[in-house]
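Using my numbering, the first residue of the sequence shown is number 1, and each one after it goes up by one.
For the record, the hints were derived by calculation from the structure and aren't laboratory data.
Incorrect hints may have been included.
To be verified - Below, a list of computed lysine-lysine pairs in the BS3-like style, where the Cα atoms sit at most 30 Å apart: (1) K44 - K277; (2) K44 - K81; (3) K86 - K44.
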Amino acid sequence: GTFTETQMRATLAQVRNVLNDHVVPGMRDTVVDNATKIATESAKQTIDYLQSADREFRGVGTQSLSLDTAAIYDAADKGAKGSVLKRLMYGQGTAKAGILRRYGEEVVGHFEAELQQGLLTKASWSDMRDSLIAKSPFLQAAPAHWAERIITTESLNAQNRANWESNRQANAQLGDIVKILSMVDDDRTCADSYAVHGQIRRPDEFFETWQGQVQHPPARPNDRETVITHRMVWPIPDYLQWRSDGEIASRWRQKGNRRAMPPRPMMTTVPLNLFGK
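Input sequences plus hints: build the corresponding full structure.
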């Protein structure tokens, strides 16, 4: 017979059960597990970079950099796990749903819209089933795309959160730490990353991006920028030099943007003449 309201409620209940019992918990646990591993590796990389860069910029004859490495590891781990849980489940404020909750609501909302249309048109159950499969990204392997996008973006968030927490802890110990944005430069890199590459802030100051203010990347999904921990007694190395306005505009056009390019964000809150002294 025709599709009924009872069948609609049962179908929506099944969708919610699959999302709440399997998809969302599985993705949450995967991201949190990744965050723990990433935080440890990120803290190690920050410590190694600080020590090797100090030898390079100040000379091998100087006294070795003294760091409380245990404090840096602990700050990175707690910060990364806490950050991804908040982003996944609770969003950036109490009134805003987290990433996985928004994903679940979007999936359920799509099913509900299709099912309501089936009720109005008095579609048969078989027609309703075929329509759901044909029109639902959730039933066409798109969850794999969603999962990859969420897990990749949140793993990058965990890495950069750990970097930032390591940065703050290192500043508490050394007193002259800044954070510098660094992009990945390849054929996937967009103009917004060119525009912020080399941007300098003190540890608790916000970076400025075309997507808004952030303490650390990602500023958007699939954002691959990272935070470099740098001391003010060191010079700014060539690989962190700012891209020219012409390079940014060229990449903007190359990516097919037709609207006017946003203005370049403020690149540093720390006078450049303070570096390397």
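Results for each hint:
1. Of the pairs offered as hints, the one joining K44 and K277 holds, with about 27 Å between alpha carbons and a cut-off of 30 Å not exceeded.
2. Note on K44 and K81: the hinted pairing holds, with a Cα-Cα distance of about 16 Å set against a maximum of 30 Å.
3. Distance check on the hinted pair: K86 and K44 sit about 24 Å apart at the alpha-carbon level, within 30 Å; holds.
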